[in-house]
Amino acid sequence: MAKKTVASLQTAGKSLTKVIKMVKSEKTGAYAFQESIVPNDKVQEFLSKK
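Numbering (the UniProt record's numbering), first residue to last: 1 to 50.
Treat each hint with caution, since some may be false.
[Unchecked claim] Straight-line C-alpha distance at most 30 Å; calculated DSSO-like pairs for lysine-lysine:
#1 LYS27 with LYS49
#2 LYS42 with LYS18
#3 LYS14 with LYS49
#4 LYS42 with LYS24
#5 LYS21 with LYS49
#6 LYS24 with LYS49
#7 LYS42 with LYS14
#8 LYS27 with LYS42
#9 LYS42 with LYS21
#10 LYS49 with LYS18
Keep in mind the hints are simulated off the structure, nothing from the lab.
With the hints as extra help, turn the sequences into a complete structure.
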């Protein structure tokens with residue numbers, strides 16, 4: 001018999017956003033991805049800084 005999974009209602013995670021930013025390495029010149037979970041009001045600040 002199949003197991004049924006029920007998602008719980010979580011309200012705490014709605015104010016956070018997962019941001020993926022592409023960063024160029026100064027040593028090799030290759031691009032890498034930097035992942036971070038930031039509050040919704042800090043997303044533009046995270047993306048604008050180098």
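Against the structure, the hints:
no.	hint	result
1	LYS27 with LYS49	holds, 19 Å
2	LYS42 with LYS18	holds, 11 Å
3	LYS14 with LYS49	holds, 24 Å
4	LYS42 with LYS24	holds, 22 Å
5	LYS21 with LYS49	holds, 11 Å
6	LYS24 with LYS49	holds, 13 Å
7	LYS42 with LYS14	holds, 14 Å
8	LYS27 with LYS42	holds, 29 Å
9	LYS42 with LYS21	holds, 14 Å
10	LYS49 with LYS18	holds, 16 Å
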